[in-house]
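In order, the protein sequence lines correspond to chains E and D. Going by my numbering, the first residue of the first sequence is number 114, and it counts up by one from there. Going by my numbering, the first residue of the second sequence is number 29, and it counts up by one from there.
Don't read these hints as lab results, they were simulated from the structure. We put the beta carbon where it would ideally sit given N, CA and C, even for glycine. Among these hints, one or two may not hold up.
Unchecked claim - Here are some of the chain E residues that sit facing chain D, going by a computed Cβ distance under 8 Å:
no., residue
1, M354
2, P357
3, N368
4, V390
5, G463
6, S467
The residues making up each chain are set out below.
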Amino acid sequence: MAVKDRVPMKEQDPKERRKNFNEVALGYTEEEAILEASRCIQCPKPTCVAGCPVHVRIPEFIKAITKREFEEAYKIIKSTNSLPAVCGRVCPQEEQCEKNCVLNKIGKPIAIGRLERFVADYALQNNIEEEVKPEKKNKKVAIIGGGPAGLTCAGDLLKMGYDVTIFEALHALGGVLTYGIPEFRLPKRIVEAEIERLKKLGAKVETNVVVGRTVTIDQLMEEEGFEAVFVGTGAGLPKLMDIPGKNLNGVYSANEFLTRINLMKAYKFPEYDTPIVVGKRVAVIGGGNVAMDAARSALRLDGVEEVTVVYRRSKEEMPARAEEIEHAIEEGIKFEFLANPIRINGTEDGWVKSMDVIRMELGEPDSSGRRRPIEIPGSEFTIEVDTVIMALGTSPNNLIPSTTKDVEIQKWGGIIADETGKTSKPGVFAGGDAVTGAATVILAMGAGKQAAKAIDEYLRDKK
Amino acid sequence: MYKIVRKEILNPVVKLMDIEAPRVAKSAKPGQFVIIRIYDKGERIPLTIADYDPEKGTVTIVFQEVGKSTKLLGTLNEGDYILDFVGPLGNFMEVPKEAKKILGVGGGVGIPALYPKLKALHQEGYRVEAILGGRSEEYVIFKKEMEAVCDKVYYATDDGTLGKKGFVTDVLKEVLENDKEIDYIITVGPVIMMKNVCKITKEYNIPTIVSMNPLMVDGTGMCGACRIEVGGDTKFVCMDGPIFDGHLVNFDLAMTRLNMFKKQEKVSLELYEQHHGGDHHGR
Chain E
114 MAVKDRVPMK EQDPKERRKN FNEVALGYTE EEAILEASRC IQCPKPTCVA
164 GCPVHVRIPE FIKAITKREF EEAYKIIKST NSLPAVCGRV CPQEEQCEKN
214 CVLNKIGKPI AIGRLERFVA DYALQNNIEE EVKPEKKNKK VAIIGGGPAG
264 LTCAGDLLKM GYDVTIFEAL HALGGVLTYG IPEFRLPKRI VEAEIERLKK
314 LGAKVETNVV VGRTVTIDQL MEEEGFEAVF VGTGAGLPKL MDIPGKNLNG
364 VYSANEFLTR INLMKAYKFP EYDTPIVVGK RVAVIGGGNV AMDAARSALR
414 LDGVEEVTVV YRRSKEEMPA RAEEIEHAIE EGIKFEFLAN PIRINGTEDG
464 WVKSMDVIRM ELGEPDSSGR RRPIEIPGSE FTIEVDTVIM ALGTSPNNLI
514 PSTTKDVEIQ KWGGIIADET GKTSKPGVFA GGDAVTGAAT VILAMGAGKQ
564 AAKAIDEYLR DKK
Chain D
29 MYKIVRKEIL NPVVKLMDIE APRVAKSAKP GQFVIIRIYD KGERIPLTIA
79 DYDPEKGTVT IVFQEVGKST KLLGTLNEGD YILDFVGPLG NFMEVPKEAK
129 KILGVGGGVG IPALYPKLKA LHQEGYRVEA ILGGRSEEYV IFKKEMEAVC
179 DKVYYATDDG TLGKKGFVTD VLKEVLENDK EIDYIITVGP VIMMKNVCKI
229 TKEYNIPTIV SMNPLMVDGT GMCGACRIEV GGDTKFVCMD GPIFDGHLVN
279 FDLAMTRLNM FKKQEKVSLE LYEQHHGGDH HGR
């Protein structure tokens with residue numbers, strides 16, 4: 114009979130962690146991991162695997178953990194997942210693998226994410242490397258964008274023996290793993306270690322290349338000999354709420370706020386040169402993971418006394434992960450549900466002073482299935498804030514489609530690609546947020562994996 | 029890593045560098061800019077491309093030492109490297125075919141930013157004139173280069189050491205009064221100067237483009253730090269600009285947003301100068 118409760122994972126105390134950027138969740142010890150792994154009933158037809166976008170052989174790696182064969186467990190995970198230390202931390206497992214675990218019927222599902230994280234961290238600490246010596250194929254593939262989709266696609270193509278170059282616009286690889294998700298959820302040394310492994314596999318990297326400006330896809334294919342291209346440029350264009358006062362000093366997009374903090378390390382200013390300005394009271398608009406990341410980052414900055422998340426629906430509709438919302442509440446983030454900003458008011462010299470907000474009620478479900486928020490007339494109120502961070506979602510940038518012949522896009526800007534990643538232009542594949550709009554890290558990785566397979570088939574057929 | 033292959037001191041606060049960056053040099057067009065990061069703890073700062081040589085693979089930047097990053101950059105020498113150099117970024121200058129006589133108005137470190145635009149127009153066969161200004165003669169840089177690509181150059185200095193004593197806008201009024209053939213204007217310089225230029229050219233109803241230089245982080249459209257208002261709409265300078273119709277730009281907002289990190293910039297500079305003996309030239 115399986116044990117109903119999962120082994121808890123140690124976390125930093127909320128009172129401590131609310132003023133530091135160190136990782137909140139501390140991970141399993143070997144004994145804890147073995148204990149949790151032994152709860153798995155090893156289904157002959159595992160449903161958990163189907164819930165994983167990259168189909169990690171979950172019962173197999175868990176079985177290896179129970180036998181203390183951590184290296185073997187790592188090899189099993191790594192055979193389908195390029196970035197396990199990342200996925201174990203940031204995947205919404207409750208909607209994927211763990212949702213499908215049969216133990217849900219009698220208690221808590223197996224903590225698959227925590228076990229994956231344990232194995233990946235064990236491998237990083239003990240320098241366990243995959244041994245891959247593929248036959249060189251001497252065909253060049255360009256990966257545009259060094260985020261989760263691009264890194265996964267690159268990893269798989271390298272294992273197949275292709276000559277892979279990753280082009281990245283920023284000065285560091287990782288995409289949202291580097292500039293978006295904060296250190297307290299995903300330590301940057303983990304991301305860097307995963308990237309180092311790709312380089313050891315033979316990945317060439319050119320940072321500071323904005324494809325569409327520095328060089329175009331057409332040039333890469335026609336002048337530089339790349340026979341296939343994978344576009345994994347994400348959805349990085351921030352949406353700003355179109356309300357009066359949106360351009361006042363002290364109003365940030367979450368992308369700007371998080372980039373300054375995560376990529377540029379502005380929380381270490383003046384040791385690092387990039388500044389960040391926040392007042393005592395910060396409002397974050399939105400209810401997704403990015404809003405949680407921005408709110409929790411703001412709380413950790415010097416001088417910040419109060420952070421309020423303003424969300425137009427109720428807690429039940431929040432798209433953020435349940436675990437992140439819980440962490441935010443524990444740390445003292447305030448929530449203003451069913452409220453929508455209508456105006457940001459400024460001081461005479463152009464800084465945020467306060468925000469006017471209107472109460473909402475929930476009406477009928479909309480096309481997304483969530484109940485539509487409707488303004489309650491006459492319910493306006495004002496909250497005193499000095500900093501406003503807008504976390505309302507992002508959309509794809511049109512730089513690549515607008516500078517590449519024959520790549521078709523959707524009306525909303527996403528690149529049109531079939532389930533294998535094939536676009537309207539021969540040899541050009543795409544995946545991740547650039548195709549789907551803002552989604553999850555693991556879905557982007559799944560798309561990168563799928564595209565690597567399709568690129569391999571395309572290049573084999575091509576004479 | 030990007031090598032500094034040439035360094036020239038143009039005046040007490042302005043320096044020029046040729047940076048080895050073949051991909052940027054190959055794709056650059058007049059009006060575009062780069063973002064640089066000098067070292068691993070550095071910030072990303074935008075600088076306009078002053079010139080480029082696709083054959084040599086070099087890009088010329090000109091910068092005024094105003095804060096920590098530009099002062100630190102100024103201490104580097106030929107043979108040194110900067111960590112990151114990304115570009116060319118932004119849109120590029122497009123002048124309507126029917127324009128015939130173009131006037132460039134440049135101030136301070138905006139002059140080298142104006143230069144590649146006028147050079148390109150000159151090569152395309154337009155008639156090109158320029159009004160250049162600065163505090164005093166030594167602050168009016170790129171005179172020789174500008175004279176080589178302009179049919180006529182007027183000067184204005186605050187102290188009268190070169191050309192007319194006064195602002196470029198004083199000269200601009202005179203020129204527009206006397207020369208009715210000027211049908212297109214490009215202005216690059218401090219925001220306040222571009223604002224005043226546009227005020228005048230609006231009265232004369234002459235189309236005027238400006239090159240905005242706001243604070244930036246990534247320079248690829250993903251953050252909106254560089255946003256300004258143009259004709260009432262919010263635009264990201266790094267993607268939609270830096271070149272805009274000057275008669276539609278909200279310059280007051282642009283100036284306010286430039287002050288967003290003033291206090292922090294001061295802290296950073298003071299700390300740097302304490303540790304580096306404070307090289308206070310210029311002011």
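Verification of the hints:
1. M354: Since chain D brings no Cβ nearer than about 11 Å to E/M354, farther than 8 Å, the hint is violated.
2. P357: 12 Å, violated
3. N368: OK, holds: E/N368 within 8 Å of chain D, min 5 Å.
4. V390: Status holds, d = 6 Å.
5. G463: 4 Å, holds
6. S467: 18 Å, violated
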